[in-house]
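So the sequence shown is numbered by the working numbering: it starts at 1 and just counts up by one.
Treat the hints loosely; a few may be bogus.
Subject to a maximum C-alpha distance of 30 Å in a straight line, what follows is the list of computed DSSO-like cross-link-like pairs (lysine-lysine) [claimed, not checked]: (1) K51 <-> K62; (2) K45 <-> K62; (3) K62 <-> K15; (4) K51 <-> K15; (5) K15 <-> K45.
If you're looking for bench data, these hints aren't it; they were derived computationally from the structure.
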Amino acid sequence: MESIVDRIRYLCSVKGITVAELERRMNFGNGTIRRWDDSPPAVDKFYRVAKYFGISMEELLKG
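All chains, please: the whole structure from these sequences, using the hints.
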């Protein structure tokens, strides 16, 4: 099963950016998104990432 972080990595590759660049654009700390493999993200951060990619939180969560 694909993880949230895997989906974000894919979406970043489509946009031509890295996960680290996305974290900078979102004003997240370094490694924030990568840690979502180990612990669930805060809803507000998850929402901001989904909005950045123009998809719903459900689409980001379930793929």
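A quick look at each hint next to the structure:
Simply put, K51 and K62 have alpha-carbon atoms about 15 Å apart, close enough for the 30 Å limit, and the pair holds. Simply put, K45 and K62 have alpha-carbon atoms about 17 Å apart, close enough for the 30 Å limit, and the pair holds. For the hint pairing K62 with K15, the CA-to-CA distance comes to about 20 Å; that is within 30 Å, so the pair holds. The straight-line distance between the Cα atoms of K51 and K15 is roughly 14 Å, inside the 30 Å bound, and the hint therefore holds.
Between the alpha carbons of K15 and K45 the distance comes to roughly 19 Å, so the proposed pair stays at or under 30 Å and holds.
Checked against the numbered hints above, the structure breaks none of them.
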